[in-house]
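**Student:** Just so you know, the sequences run in chain order F and G. The opening position of the first sequence corresponds to residue 562 in my numbering, with each subsequent residue numbered one higher. The opening position of the second sequence corresponds to residue 955 in my numbering, with each subsequent residue numbered one higher.
None of these hints come from the bench; they were simulated from the model. A few of these clues could be false.
[Claimed, not checked] With a straight-line cut-off of 30 Å between C-alpha atoms, the simulated DSSO-like cross-links for lysine-lysine are: (1) Lys636/F <-> Lys564/F; (2) Lys564/F <-> Lys967/G; (3) Lys967/G <-> Lys636/F.
If you're wondering where the values come from, they're calculated on a predicted model, not measured in any experiment.
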Amino acid sequence: MTKPQLDPDVADVAPNELALTAYDEQHVVTYIRLLQAEGQGADWREVARIVLHIDPEREPDRALNAYQSHLARAKWVTEQGRLLRGAGSK
Amino acid sequence: MPEFDWRSPDSFKSLENAEITHIAWEGLRMNVDYQRDYEAMIANSPDGEVSEEFRRRWGICFRP
C-alpha cells in the first residue's frame, strides 16, 4: 500500500475505476476527512477549501465536482471491505 | 481512540504509518451510510445477529 498523505492536493475528479488505485491509497486520509465532515453536517464549501484546497468562491464548478466525486469515491472505497482487500494487491 | 478533526490534517498523523486494517476501520466508521445501516441492523436484530446482506455490503465479519 502506498503511504497515505495527510493533506495532499486532489485531482479535479476522483478515480472512477472498479479497483483501488494508487491515487486512492495516497488519498485515503482525504477520503476519511470528507466522510467525517459529511457526518458532522459541514458545509461542502468549507470542506472543499480546507480538505481539497479548491476555493469554491473562485472556482465553484470545479470545487463542487471535486467534492462530490471524492465523497462518492470515499464511500465506494469504504464499502465491502475494499480497502482491506485492496491492500497489498499492487 | 484518537480524536480526528477533519479540519486538521495533523490530527490524522496516527494513520500515516497505521495498519491498513486500522485505516479501513476509520474510513468505515466515518461513513454515514454505514452508521445508518448499522443502527438499522441493530434495531432489527435484538439477538445481535448480523445479516448476510450487511456483511456483504460492508465486507466485515463479527465474531460471536
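**Student:** With a cut-off of 30 Å on the C-alpha distance, tell me whether Lys636/F and Lys564/F pass.
**Tutor:** holds, 20 Å
**Student:** Would you mind confirming whether the straight-line C-alpha gap from Lys967/G to Lys636/F stays at or under 30 Å?
**Tutor:** Between Lys967/G and Lys636/F the Cα gap is close to 21 Å, so the pair holds against 30 Å.
**Student:** Keeping to a limit of 30 Å between CA atoms, is the pair of Lys564/F and Lys967/G held or broken?
**Tutor:** holds, 12 Å
Hint violations for this structure: none, all hints satisfied.
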